[in-house]
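So the chains spell out like this:
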Amino acid sequence: MLGAALARGVNAPFAAIMAVALIGAVFAAVHHAEVVAHRVGEPFGTLVLAVAVTVIEVGLIVSIMLAPGPSRAELARDTVFAAVMLICNGIVGLCLLMGGLRHHEQGFQLHGASAAFAVLVALATLSLVLPNFTVSTPGPTFTGAQLEFAGVVSLVLYGTFVFVQTVRHRDYFLPPPGHAGEELHAPPPTAIATATSTMLLLAALGVVVLLAKALSPILETGIVRVGAPKSLVGIVIAAIVLLPEALAALRAARANLLQTSLNLALGSALPASG
Amino acid sequence: MAAVSIVFGQPISLGLDAKEEVLLGLTFLVGVLTLGTGRTTVLQGVVHLVILAVFLFLALVS
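Top to bottom, those sequences are chains B and W.
Residue 1 is where the first sequence starts when you use the working numbering, and the numbers rise one by one after that.
Residue 275 is where the second sequence starts when you use the working numbering, and the numbers rise one by one after that.
Source of the hints: derived by calculation from the structure; they are not laboratory data.
Zero decoy hints are in this set.
Quick look at which bits of chain B chain W covers, simulated, 3 or more residues with Cβ under 8 angstroms:
hint, segment
1, 90 to 101
2, 230 to 242
Below, simulated EDC-like cross-link-like pairs (lysine to aspartate or glutamate); rule was C-alpha separation at most 20 angstroms, straight line:
hint, chain 1, residue 1, chain 2, residue 2
3, B, LYS230, W, GLU295
4, B, LYS230, B, GLU220
5, B, LYS230, W, ASP291
Beta carbons: idealized from backbone N, C-alpha and C, even for Gly.
Input sequences plus hints: build the corresponding full structure.
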């Protein structure tokens, strides 16, 4: 991004400051989401984080898609695909590697992890693979009716998953007994701290979307200038959005809380693809 | 995303190309194997990271 800004010359310092501010705002948003999450407890906590990440991501994509200029119809797809790949391979792989190096063999709750994974596979296949094989419209697109249907189905899938995670089978998503870290026993924040964090969380989300809107043209010109494929824009967006969650998941893996890692990882993949 | 596309009349292109489909399928296959055991070691972590590396490499050098 810095290189992209430099390529434009005049705006370089300004763009660099904006890029730093954007990453700062993403971290601030996730930190405040974590405070709120700690207050409400697992597994609702992961849900708060996931929703915050989704808001950032959708905000970024929509602001870029609605910007004037050439069509960016592929951006949403590229971002979602990059997010799925970064989560399923990058975050999960790193967590397993770090955790494995430290604790040799790690256990997690089979029910929770595979339930989340099943929903993720279904969602990703429906929205990313199926459009190639529908025959009403040529190419990788859905017709209007198909798009509406896919949207509704995705909502149903994700809604069911959230219901199962928070109400019906909560225990599937808690760390296995005997694995609780000291983090879980820290006193929950006060009501005032929670309220402040909620306000700051909303503010940070707004800042992220506005900054991204200002930065996206610079990023795009930079990528075109370097000669990289346009799908890189999606990967950059997904990476920025997922960075803080990846750090949180890694921390949990090092503390032998693989369940929390997987909740974080798969939890943020699901709404993103939905 | 679907709602936004419909409301604003923006075209939205969803299908992946063949290369990405293969990678997605591979990811899910390995993911099922990883999660299917309930216990994980360094090996699964490395396998996932290799797939990620392939994905990033092919995104730059298609």
